[in-house]
Structures are given as structure tokens and as C-alpha cells.
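Protein chains: 2
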Amino acid sequence: MSKKIPTRLYLAEDEMPKNWFNLRACMAQKPDPILHPGTLKPAVAEDLYPVFCKECVKQELDDTTLLIPIPEGLQEFYRAYRPAPLIRAYFLEKALGTPAEIYYKFEGTNTSGSHKLNSAAAQAYYAKEEGLTSLTTETGAGQWGSAMAMACAFFGLDLKVYMVKVSSQQKPYRRALIETYGAHLIPSPSDTTESGRAILAQNPETGGSLGCAISEAIETAVKTDKCRYVLGSVLNHVLLHQSVIGQETKLAMDKYGVKPDIIIGCAGGGSNLGGLIAPFMSDKLAGKSKTRFIAVEPASCPSFTRGRYAYDFGDTAKTTPLLRMYTLGSGYIPSANHAGGLRYHGMNSTLSKLYKDGYLEARSVVQTDVFDAAVRFAKIEGILPAPESSHAIKAAIDEALECKKTGEKKTILFGLTGTGYFDMSAYISYNDKTMSDAVPTDAELAKGFAGIPDIPANK
Amino acid sequence: MSKKIPTRLYLAEDEMPKNWFNLRACMAQKPDPILHPGTLKPAVAEDLYPVFCKECVKQELDDTTLLIPIPEGLQEFYRAYRPAPLIRAYFLEKALGTPAEIYYKFEGTNTSGSHKLNSAAAQAYYAKEEGLTSLTTETGAGQWGSAMAMACAFFGLDLKVYMVKVSSQQKPYRRALIETYGAHLIPSPSDTTESGRAILAQNPETGGSLGCAISEAIETAVKTDKCRYVLGSVLNHVLLHQSVIGQETKLAMDKYGVKPDIIIGCAGGGSNLGGLIAPFMSDKLAGKSKTRFIAVEPASCPSFTRGRYAYDFGDTAKTTPLLRMYTLGSGYIPSANHAGGLRYHGMNSTLSKLYKDGYLEARSVVQTDVFDAAVRFAKIEGILPAPESSHAIKAAIDEALECKKTGEKKTILFGLTGTGYFDMSAYISYNDKTMSDAVPTDAELAKGFAGIPDIPANK
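Going down the list, the protein sequences come from chains A and B.
Quick note, my numbering runs 122 ahead of the 1-based positions in the first sequence.
Quick note, my numbering runs 122 ahead of the 1-based positions in the second sequence.
Just so you know, the hints here were simulated from the structure itself, not pulled from any lab data.
Among these hints, one or two may not hold up.
Any copy will do: because identical chains look the same in the list, a pair fits if it lies in one copy or spans two.
[Claimed, not checked] With a cut-off of at most 25 Å between alpha-carbon atoms, the simulated SDA-like pairs for lysine to any residue come out as follows:
1. Lys381 to Glu135
2. Lys216 to Asp520
3. Lys216 to Val166
4. Lys216 to Gly304
5. Lys406 to Asp494
6. Lys348 to Pro309
7. Lys581 to Leu157
8. Lys501 to Gln197
9. Lys555 to Met149
10. Lys140 to Leu157
11. Lys377 to Glu137
12. Lys501 to Asp280
13. Lys526 to Tyr378
14. Lys126 to Pro191
15. Lys216 to Ile127
16. Lys140 to Lys216
17. Lys126 to Gly195
18. Lys216 to Ile192
19. Lys501 to Ala275
20. Lys555 to Pro294
21. Lys163 to Glu223
22. Lys377 to Ala134
23. Lys377 to Glu198
24. Lys126 to Thr563
25. Lys180 to Ile550
26. Lys176 to Pro578
27. Lys180 to Ser486
28. Lys377 to Glu135
29. Lys410 to Asp185
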């Protein structure tokens, strides 16, 4: 405890995780199984093979193996940009005048700009190992598409990225980044797939949504030889890959004898939050810690705080298996919100179970409050955060200010998932005061809920 | 030597430099002194005080003190983003199939996106310590403006940034970044200064130049109470601040017993190159090493390779003191070149002297070759480089391929000064194949040379 804590805590290269940490293996009450949408029975590996790489399917269905080895070839790639720094927010603590100690794990030091590369690399690696030649995916804000483009360039795979049309128009530079890494980018909905054409026929002017881009990417993967689909969040194997975040963080904190009282993460599909909390939540589930865990989501897309806990589809076209999760309905299209990466109707099933069972808290925040926190943070700590990450910053500042009121010296940890360099149009609208804080009405949410499947498990 | 070299070499926080390393103190043959433009006699501190902070003036004129302490308050700021990683380019070596070992010092992990923050922070720190309340500066590509905006936000100073007009139009997101950090941005030439109005009267359609923006920034600083001007390159105190780059690099290499045979840096005004080579050049000047040093500049702005070694002004309006340097003439406006940060007519006087005396080599490269190297590097090493930095990448790859031919196992070090996240329009023009490789004709250069002052020292 007396050891001086540096501003940036880097692990040595040989301290990086050799295994992924499977949080589900620590849970006495497991998340509910994935259901086959036709039979409504628990999905088996064969149901998922046409869509996903085999190793990812295996990981998706494995809720008992605690440690799953990270292949050496993938560890090698991780060494190109990891370990990521754990930063002690000395400047922020001082500026807030709080007795709290604040730490953040910064995942934005790679070119894709976020933690997404951790799972992108894993999925590209397995695809290559399994003899595939191409992959398809979707991207909203563009961080996942950038990460997949980088990973596919490195491992030598072709990549088709279906990018939510409104994002591809608002973010020409994000698109250029993805294309510079050699990926083929298609604004979605497009006329290249049946699901895209169906959506366009219904609503020719639509700007698209993540759910719709997912439908297109899956359709293309299934119809293309030696091709599979990859997803950047929501699924359990993605959270598994992201456990490198939490493991690095815990080891670095353990080395300095630091124990977090509160852990905060932004939550869209849940991959960052799930990866960050994994080893800490394991301690809590084992009764070894009383750490609080807080998921922060946008008020415009409040799956935890206003959603239903139900089996639902992952995509708009209702082609995916059914996941039991907090959901706003797969047809829910959130109002335009610059935190594009958090605009997803559902939430990872493991996190949903933990929230349902009271191990995880959630709160929602409106956009201008998020950007207030983001700009304040940028000026004090130097890093310009991604809008998504800034949801966690907002909550961390609130908790630190609460400590200032009460005089408590809590230790707060949050995930800074990425940088905002490709989100400057959002910052411009904040600077110009043209940013809106639209929140869905109950009636708008009810329309989304109406699309949740009417099946026995949901009764 | 047998110690396994990690991919990313980070120093510990307490290993970061406590002093700046003044390369001029190691030179038996000093760079020629700055001249007062009126008297043509060596400038004294009082001549420079109206424009620059006192401590910077002192450092500018000091060519004998080897180690100059870095104030503790500034070291604290550096700890927010330093030490910067020294990266062993294992992936690039393998992809090239070269026996060479390649290392690069990566300065792009801070939000300003480049090494510029090292000097920006120093200059803002001194300004604050001296009781100033505001600063002015210019920016071309925008890296320096971003760095100054970050530094001024942190140290609590107002900042006016004169941004080359064509850059401010081509780079709305770079502009937004600078404004998000609270700086006041003025496209240059503007009607806010006499020099700006004069340039506009001559050429109302001009897109501006760095030299012209410098004139405006200096004029405003001189006319404003408690305000000074700051410059991001060219001057010796800027190179002094950048010596943190070279010192960190040398210490990290020494720890692993690595000695570079070749050190490569891109060169615009020279601050990155000067900072990177400082402690290594000291060894060479002392006869302790035979390291080769290579400056790489754009063929469109070839001050080393096609310029004159002469006393010249630093700005278009000819208001600065005279510097003896390799110059294309202060009126030279390079053709549009996306490597905006290297579009300056002159070169730091210390580097100019070292080049003149044969300690430093120089070469120029055309733009599409630079982007070929940049995209190749991005796909292999993961990092999307700034166009400026990519000049060094191009030369490093060439040297590594030369080693492949000869079978020599040389150790190559280059400076990766920054990221290209705010240069996507340049990448788009590369991807679209609309990028040009314009190189000035002798007649175009002659026009620039004609503007070099006709003074005795230049005979």
C-alpha cells in the first residue's frame, strides 16, 4: 500500500493474460441458454456453425470452463498494442477535490480506437485457423468495423462491413479508416441482401440500424463459401475475449494493493463492461468482496433501466437464435444518438442475469450530461474520450463528487473504452449547443416491446 | 543482449528524464547565432522578450549548458502521457524479410496525436509561471495547435491559434478538436492583423501558409498585454524540449544493450528529428559511435536537399530575427501537400549546421511513395501513421530492404511522431488515387531564393 502508485500502470509483457476468464463458470445461477428460434429448444453447436467460427461457438456455449487458453499466435498480436495502461486519475481527483481514488483502464491506444480490437483479433485468428477466407460484420459508430478491418488485414482475411447508413454518411473518415485497412464497406440497408431489400421496400428513407446491418451481414456470411459472421458485442464469447481488460486491471491493482469499491462501465451490448468486471465479479460471487458494479447506458436506449427481461432476437430480421436478455425489442430503433456504439436494443445475457439477480446496478444518463463530463475530462486528463466511454466518465465523476459530500475515500475504477477522434461531429454539435437529449416515451418503448416474440419462455 | 526484447518497451515513470539535453552544448562548431534583423548583430535576450517567454529565450540562446532541469510541475504533466513506448517492429521485420532490427519511438499516444505536446506543455508551463495570461500561435496540419490547446487548457491560459486557412477548411475535425479544448481558432490570413490584411490585399484568394500564420500570431502577441507567442518547431528551445524523446529512447535501448546503426526522422522544422537524435548525436560528435542520421523531407518542400544555407526570416512578413538555416526563402509557398506539418520553408539552425558539417544526411521522398509505406505499415504494425511520420517510415523500410539485399543485420531506429486520425482526407485521396506528387521546378525554387535577405552574412 505504501508503494507510490505511478500515473500510468503498465504490466510487463510477460504478465499479460495467457487465458481468457469465463465469468459464467463462477456463476451458481447461470444465464439462460440460447434457444433455437424454430424449435425453441436450447441451441447446440451445430445450430450455430453455419453463422460463426467453430471455436467461437464452443466458447459461446461453454459456461463451466473458467480459464480458456489464448492461442500463442493471438497473444503475439495482442503484444502489438497491449498491455493497455491502467491510469490513476490524479489530475481528475485534484480537480474534483474528492477524497476518492479514481482509476481507469484505457483501451483507446490502438488505431481502431477502442477495446473492440481484443475480440476482433480473436475472431479473425480463429477464422484463419479454421481455413475460412472471408468474414462479414456490421458496424454502427465504426469502432468495431475499424477493429475488424485491422484484424483481417493482419491475419489476411477478406472482410465485408455493413455500416449503418446514417453512420457511414455522418462519418466519412471512419469509413475511410476501415477502407484504408482494406475492408469492403457497404452502407446498410443495402440492395445486396434479401433482408436489406425487404427493409428498403418498407422504408426507403431509413438511415438503418445495428439490428438491420446484423441481418445483412449474417445473410451474406451464410450464403458465401468459407465465410462466417462476426459480432462485436452482446454474445458471451465476445465478453470472454474482453476479459483481458479485467484481468490486466486486476493484476495491476493487486500489485499495488488496490481494491476497487465501485467499478463502472458503459453498456451497449455489454462487451466492455463484461470484460472489465469479470475477475472482480468472480470475487463478489464468491463472497470475497463487496464491490459495487454499475452499468451506464444512454437514456435514449435504456435496455437495462427500462427494458424487459425476455427471450428476444439479436437482429431486426429476426434470424438469430433467441437470447434471454434485457431488451427494448429487436425492432426498436433508437433516436439519433451520437453514442452510436450504445444504440443496441439488447444486452448480453450474462450481464442481464447478473442485473436480474442484483449483482449489477444500472443507470441511464442523457447525452449533454455525458458530453459535459467528456469535455471536462479531456481538459483535465488530456484524453478526448469516445462518446460511449464518456457515459462511464459521467458516472465516475458523480460517484467521486458523492464521496466529496460524504467524505468517504472510496476507490473508483472505470473503463475508458476508447477515444473520440472519429466522433468530432458529435463534439461539434455539443460545442454548437445543437445536441439533443431526446428520451423515448413509454409509448415509443411499447412499440418496441410489442415485437418481442410471444413464446412460452416469455410468459 | 540475451534479454528477450518486448514488443513495447516502456520505461518506468521514475526513469523519465529529469533534464533536457542540450545538443548544442556538445558541438565544437556551434550553430551560427540568431541575428537582430535591424542591426544584423547577434540577438540578445532583450530583443526576444517582447515575443517569447523569458525562460524560452534563455534556453534559445544557451548553447553551452548540457543539462537543463525540467521543472517538477512540468514533469508531473508529462506523466499524464509519457513515457512513450519504444516499439520493436517485429511484425514489420518479418513482413519485409529483412535481417535488420527495426525500432520506432511512438509519440502518438496522446490526444494531440504527436510529439508536439512535449514542447507545447513546456511553453505553456513557463508562460503560466511568468504570470502571462494568454498565448498565440499558428498551426498548419493542426498537430501543434491541438497540442497547444491541450496544454493551455491544462495550465489555464487563453490561446489564439492562427490556422493556415486551407488546413482549417480541409480539416474541420482538427479545428473542432482545438476548439473543444477551449482555444480560439482564426483561419489565416485573417483581417484581425495588419500582416494578415496586407497578405489578403495582395492575394485575396490565398489559402495561407505557415509563414503567414506566424506573422499574424506574432503581431497579436506583441500587441496584447500579458501575452506571448509560441512556436512548435524550428527554434532551438523547441528541440531542447523534444530531447525527452531521444533520452527515453536511448535509456530504453541501453537497458537492452541495443545500439542503433541508423536513426531516421521526418524533418519539417526539425523538432522531432532534433529531439530524437540529441543524445545519440552527442556520442557521434564525441567519436563514440558511427551511427548514421537521416533526415527525410517531402520532395515538395525540400529545404535540406535543395535549399540554400543562409540567414533568413522565419515568417512571410519578415518580422522575426534572422536564423542561419537551410531555407527555400520565407516567401516560398509549397504546393498543396497533405503532410502539412512538413510544409515549412526553413530548417532548425542546429540541424542545419550538423548537415552542413556532414554529421547528418538528408533525402526527399514523393508523397505517394510515402503513403504506400504508410498503408503498408498500418496493416502490418497496426498503427495508422501521420503523413509527416510516414516520411520516416518510408526511409526505414528502404534501409531495411537494403539490408535484405546485402544481408547486413543493422539496427534501424526511426521516430514515429504521430497518428493520422485527423488526416483521413489525405488517406482518401491516396485510396482514390487522386494524390499528386508535385515537385517544385528550379524556377519555382528560384523565386523563393530571391526573397532571402541580401545581407553581408549571406554573401
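Status of each hint after checking the structure:
{"no.": "1", "hint": "Lys381 to Glu135", "result": "both (23 Å within a copy, 22 Å between copies)"}
{"no.": "2", "hint": "Lys216 to Asp520", "result": "within (15 Å within a copy, 48 Å between copies)"}
{"no.": "3", "hint": "Lys216 to Val166", "result": "neither (53 Å within a copy, 41 Å between copies)"}
{"no.": "4", "hint": "Lys216 to Gly304", "result": "between (44 Å within a copy, 20 Å between copies)"}
{"no.": "5", "hint": "Lys406 to Asp494", "result": "neither (32 Å within a copy, 51 Å between copies)"}
{"no.": "6", "hint": "Lys348 to Pro309", "result": "within (23 Å within a copy, 52 Å between copies)"}
{"no.": "7", "hint": "Lys581 to Leu157", "result": "within (15 Å within a copy, 86 Å between copies)"}
{"no.": "8", "hint": "Lys501 to Gln197", "result": "between (34 Å within a copy, 18 Å between copies)"}
{"no.": "9", "hint": "Lys555 to Met149", "result": "neither (45 Å within a copy, 54 Å between copies)"}
{"no.": "10", "hint": "Lys140 to Leu157", "result": "neither (31 Å within a copy, 61 Å between copies)"}
{"no.": "11", "hint": "Lys377 to Glu137", "result": "both (11 Å within a copy, 19 Å between copies)"}
{"no.": "12", "hint": "Lys501 to Asp280", "result": "between (40 Å within a copy, 13 Å between copies)"}
{"no.": "13", "hint": "Lys526 to Tyr378", "result": "within (24 Å within a copy, 45 Å between copies)"}
{"no.": "14", "hint": "Lys126 to Pro191", "result": "between (33 Å within a copy, 23 Å between copies)"}
{"no.": "15", "hint": "Lys216 to Ile127", "result": "within (15 Å within a copy, 37 Å between copies)"}
{"no.": "16", "hint": "Lys140 to Lys216", "result": "between (36 Å within a copy, 23 Å between copies)"}
{"no.": "17", "hint": "Lys126 to Gly195", "result": "between (35 Å within a copy, 17 Å between copies)"}
{"no.": "18", "hint": "Lys216 to Ile192", "result": "between (39 Å within a copy, 22 Å between copies)"}
{"no.": "19", "hint": "Lys501 to Ala275", "result": "between (35 Å within a copy, 6 Å between copies)"}
{"no.": "20", "hint": "Lys555 to Pro294", "result": "both (22 Å within a copy, 17 Å between copies)"}
{"no.": "21", "hint": "Lys163 to Glu223", "result": "neither (47 Å within a copy, 56 Å between copies)"}
{"no.": "22", "hint": "Lys377 to Ala134", "result": "both (12 Å within a copy, 15 Å between copies)"}
{"no.": "23", "hint": "Lys377 to Glu198", "result": "both (24 Å within a copy, 22 Å between copies)"}
{"no.": "24", "hint": "Lys126 to Thr563", "result": "neither (50 Å within a copy, 59 Å between copies)"}
{"no.": "25", "hint": "Lys180 to Ile550", "result": "neither (44 Å within a copy, 40 Å between copies)"}
{"no.": "26", "hint": "Lys176 to Pro578", "result": "neither (30 Å within a copy, 78 Å between copies)"}
{"no.": "27", "hint": "Lys180 to Ser486", "result": "neither (33 Å within a copy, 53 Å between copies)"}
{"no.": "28", "hint": "Lys377 to Glu135", "result": "both (15 Å within a copy, 16 Å between copies)"}
{"no.": "29", "hint": "Lys410 to Asp185", "result": "within (21 Å within a copy, 61 Å between copies)"}
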